[in-house]
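Here is what each chain is made of, one letter per residue.
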Amino acid sequence: MTTGPTLAEVEEVGPAAPPAGPPASGKRLLTTITRDKGALACLVFLGIVVLMAIAAPLITKLSGWGPYAFDSAAINSDLGGLPHGALGGISGSHWFGVEPQNGRDLFARIVYGARVSITISLSATLLTGILGVVLGMLAGFYRGWVDQVISRVMDFLMAFPALIFMIAILSSLPSGNRPVLLVVVISAFGWPYLARVIRGQTMTLANREFVEAARASGAKDTQVVFREILPNLRGSIVVMTTLAIPGYIGTEAGLSFLGVGVAPPTASWGQMIASSVSWYSVDPMFFAIPGAFLFLTVLSLTVLGDKIRSGIDQGEAA
Amino acid sequence: MIRYVLGRLGGVVLILLAVCLFTYLIFFKLSPDPAVMICGKTCTPDRIDSIRNVLGLNQPLLTQFWEFLRGIFAGREYGSVHCSAPCLGYSFQTNESVWSMITARLPVSITVAVGAAVLWLLAGVIGGLVSAVKQGTWWDRTAMALALGGVSVPNYVLALVLQYVLVVKLQILPFPSAVSFVDNPIVWFESYLMPWVVLAVGYACLYARLTRSNVIDTLSENYFRTARAKGLSSSLTMRRHALRPALTPITTIFGMDFAGLLGGALITETVFGLNGIGKMAADSIAKNDQPVIMAVTLLAAFFVVIGNVVVDLLYTALDPRVRVVSA
Numbered sequence: 001m002t003t004g005p006t007l008a009e010v011e012e013v014g015p016a017a018p019p020a021g022p023p024a025s026g027k028r029l030l031t032t033i034t035r036d037k038g039a040l041a042c043l044v045f046l047g048i049v050v051l052m053a054i055a056a057p058l059i060t061k062l063s064g065w066g067p068y069a070f071d072s073a074a075i076n077s078d079l080g081g082l083p084h085g086a087l088g089g090i091s092g093s094h095w096f097g098v099e100p101q102n103g104r105d106l107f108a109r110i111v112y113g114a115r116v117s118i119t120i121s122l123s124a125t126l127l128t129g130i131l132g133v134v135l136g137m138l139a140g141f142y143r144g145w146v147d148q149v150i151s152r153v154m155d156f157l158m159a160f161p162a163l164i165f166m167i168a169i170l171s172s173l174p175s176g177n178r179p180v181l182l183v184v185v186i187s188a189f190g191w192p193y194l195a196r197v198i199r200g201q202t203m204t205l206a207n208r209e210f211v212e213a214a215r216a217s218g219a220k221d222t223q224v225v226f227r228e229i230l231p232n233l234r235g236s237i238v239v240m241t242t243l244a245i246p247g248y249i250g251t252e253a254g255l256s257f258l259g260v261g262v263a264p265p266t267a268s269w270g271q272m273i274a275s276s277v278s279w280y281s282v283d284p285m286f287f288a289i290p291g292a293f294l295f296l297t298v299l300s301l302t303v304l305g306d307k308i309r310s311g312i313d314q315g316e317a318a
Numbered sequence: 001m002i003r004y005v006l007g008r009l010g011g012v013v014l015i016l017l018a019v020c021l022f023t024y025l026i027f028f029k030l031s032p033d034p035a036v037m038i039c040g041k042t043c044t045p046d047r048i049d050s051i052r053n054v055l056g057l058n059q060p061l062l063t064q065f066w067e068f069l070r071g072i073f074a075g076r077e078y079g080s081v082h083c084s085a086p087c088l089g090y091s092f093q094t095n096e097s098v099w100s101m102i103t104a105r106l107p108v109s110i111t112v113a114v115g116a117a118v119l120w121l122l123a124g125v126i127g128g129l130v131s132a133v134k135q136g137t138w139w140d141r142t143a144m145a146l147a148l149g150g151v152s153v154p155n156y157v158l159a160l161v162l163q164y165v166l167v168v169k170l171q172i173l174p175f176p177s178a179v180s181f182v183d184n185p186i187v188w189f190e191s192y193l194m195p196w197v198v199l200a201v202g203y204a205c206l207y208a209r210l211t212r213s214n215v216i217d218t219l220s221e222n223y224f225r226t227a228r229a230k231g232l233s234s235s236l237t238m239r240r241h242a243l244r245p246a247l248t249p250i251t252t253i254f255g256m257d258f259a260g261l262l263g264g265a266l267i268t269e270t271v272f273g274l275n276g277i278g279k280m281a282a283d284s285i286a287k288n289d290q291p292v293i294m295a296v297t298l299l300a301a302f303f304v305v306i307g308n309v310v311v312d313l314l315y316t317a318l319d320p321r322v323r324v325v326s327a
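Protein chains in written order, with UniProt numbering: chain S, 1 to 318; chain H, 1 to 327.
Since the hints were derived computationally from the structure, they do not count as laboratory data. Please note that the accuracy of each hint is not assured.
What the hints assert, rightly or not - Derived Cβ-Cβ restraints for the label pairs, each shown as a range:
id, chain 1, residue 1, chain 2, residue 2, range
1, H, G231, S, G144, 29 to 39 Å
2, S, D313, H, L314, 42 to 52 Å
3, S, L173, H, P249, 32 to 42 Å
4, H, R240, S, T34, 43 to 53 Å
5, S, A263, H, P249, 34 to 44 Å
6, H, C43, S, G26, 56 to 66 Å
7, H, E221, S, S63, 56 to 66 Å
8, H, L21, S, L58, 47 to 57 Å
Backbone N, C-alpha and C define an ideal beta-carbon position, used for all residues, glycine too.
Only chain H is shown next, with the shape it has when bound in the complex:
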């Protein structure tokens, strides 16, 4: 088991390196003149030259990449500015280190992601389970039709509709703002409710469909029939024999989806004006602030890669069949 974990971690380091290189190539080799892009739309030739020097863009690619990697672990100097330890870059448009921009906004993104995840897991798994048990009934058909619809709504359309109906017309909810929980729990909840719902709907529908088909599959498995034949109660067999194997694939995609969200819900945060990482990324795209986009890309990839490993390790713990194979 320890060897397996170590092997996985080694793989992770390799993938993260590849991700860094890939991202670096996208931003510094794909674009015709990175210094011009980084500098922004209104920029003097002098400033562009100084940025080129500071970033070492005249040096060979490998040296540049090495400097970038070293910056992440040891920090680096950009001319007169110091960018400390996890230096993911420096925004020459806002004159801030990208890392401090990220850490300032991470709490909002985490709040959005965690709330949405709780919502979609509960709704998706419970909805799918009930549908599977009541397969073919009125409830099942309605729920699955709704799920098909929910999967198809683009989340920015849903966000605009909800905002128009609930905030502008009916005035039930306030306009979302990133209030902290400590200051005012009620406003906090009301502010984040819409973003949570908007993000959760698509995933919940997807998870409901997946849970339903998984549970229906396990209900026809031999071990499930054996368990029932031995006289175990219906609720116990449901919990132990049907739900558990049906939920393992859910764990896998949940890990990926949740990790993906931590890197910022670009569209939802933008529409609701919540100042998280996603909105920062979207704003940076509009201003073409390359270092910020690059850092967010790296961060998101980092979350997803780590999420993947956590899921794999959890999987071996949850599903005895995988354990036998990997041993």
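The following block holds chain S by itself, in its conformation from the complex:
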């Protein structure tokens, strides 16, 4: 699914259940996760991917090939540019093999692709987070015409087939700074899903006794919002955003796969898979490696998000 934060969207942390008591502490959440073997494995895998992304230039120095270097010795020009050797040319010098036709090192491209995928999805998460929380809280806190305007915009954006509109916008724009454009477009269509939940919860919270007490003791609107309401939204924000990240990674990959995302020669996992489509029958490793990385990253994030949600739910029930 590449259309959006599907899991988060469908199983929203229901505004029907008012967040009672303090949200589960981060420390307790961490112990629950590290005790679960599956969740721990996901955490370790994600750690490796993030490390790859951060230390990409260092790692490729170690492995010997950069992401843009052509190695014509590694491919067989008589066979239309198929890599020499079995499994897509996996060898001591090319750990994941090479791209057919031009011989670029797949390992280096995976490492640099991780950089692109992680940067774009985290930036989009940050931007949607800010937009969603601010607009959701504005709508829920002030109600009236502010709520009307924000809610109508949300309805409008959510009624759209997001993927196709992202494609439309990206394809009509001149190819400027693609990664920044991707972040902006993904966030523009992503924030309503968070804002809707935040709005509902802010509405319930704004009527609670402790907010009334704060007002009675003379707190201003900003104080009420930041000191009383925002801390109580922490749980939902954490859950919604963790569950949104895999969606954004998938969206970035999907858009790059369709050719409106990150432009070659910059490596991105989705774009690597796209270029492997014409080679899949003769060089399956070319799509299997980026495909596996994409799948495992999305899976790990989904599993972790799921665990964090149930951890927070339990913390609230306790």
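Given the structure of chain S, go ahead and fit chain H onto it with the hints provided.
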């Protein structure tokens, strides 16, 4: 009820207008020079000028938009070419009206969407229901773990894996092609099987998780306990009291998802080379054929908006609680 329906339809017209305006702005105001984009990569300055004239790109924006809207209902002339009634634009790269390109490919997209929808509804709802009833058992945990995995597979990765394993290696299935059902039902089924499965997996997993949590919620509702206490049989209470309220939210997202698919499954159709609307859109993106992309965008938005209304009306019919509120 009639007033409610009319009100909804009025809203739909407004939203569709907004969608048209929004799309028009994206394609004709956001891009630096629409005529150059529309013309394609290899194009002479003369042709660009003539396109600019034919489309009236020198006129004020509102006039342009009005002409575009009028074209949808009454057809319009592009210089010497006539583009008849639902004129969503004219592709200057293929020299065809976009509407005829769409109608030629719509059957393939509908076949893909309907087949996938049947598959994911059956698998998702049945899987989720069984998991809810057998909550906490071995079956439940396996099914839910699989569902988590299924949600995470990008569909183009799944498509490539299936195609490699089933078509290239094991040679169980033929390479998908848009055969018509009448010509050869068996090949038709074999061709569409992989696209259906690929599209259905993600949704099925999502629906299974949703059905499971909904059914578990209703099982602890008071009216469900009352029904059991009155002595109704377990299968009857399951059907009437647990499944029905659990399925109403499913109807909502199903309407949206299915309508979204009708506008073309871009990635799946492209990977399998099925010549539907999705593949046409993907090809047009590659060629930067703006009028086609624009028309597909409009069509997809149209399906989703209509799907939304149908779902809302169905919802009031399915869930008595909503009916009381809206009355």
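A quick look at each hint next to the structure:
1. H:G231 to S:G144: 29 to 39 Å: violated (51 Å)
2. S:D313 to H:L314: 42 to 52 Å: Distance hint for S:D313, H:L314 is violated at roughly 31 Å.
3. S:L173 to H:P249: 32 to 42 Å: At roughly 36 Å between Cβ atoms, H:P249 and S:L173 fall inside 32 to 42 Å, so the hint holds.
4. H:R240 to S:T34: 43 to 53 Å: holds (45 Å)
5. S:A263 to H:P249: 34 to 44 Å: Because 40 Å falls inside the window, the suggested range holds.
6. H:C43 to S:G26: 56 to 66 Å: For H:C43 and S:G26 the Cβ distance comes to about 58 Å; the hint holds.
7. H:E221 to S:S63: 56 to 66 Å: holds (58 Å)
8. H:L21 to S:L58: 47 to 57 Å: Holds, since H:L21 and S:L58 (Cβ atoms, about 50 Å apart) stay within the stated range.
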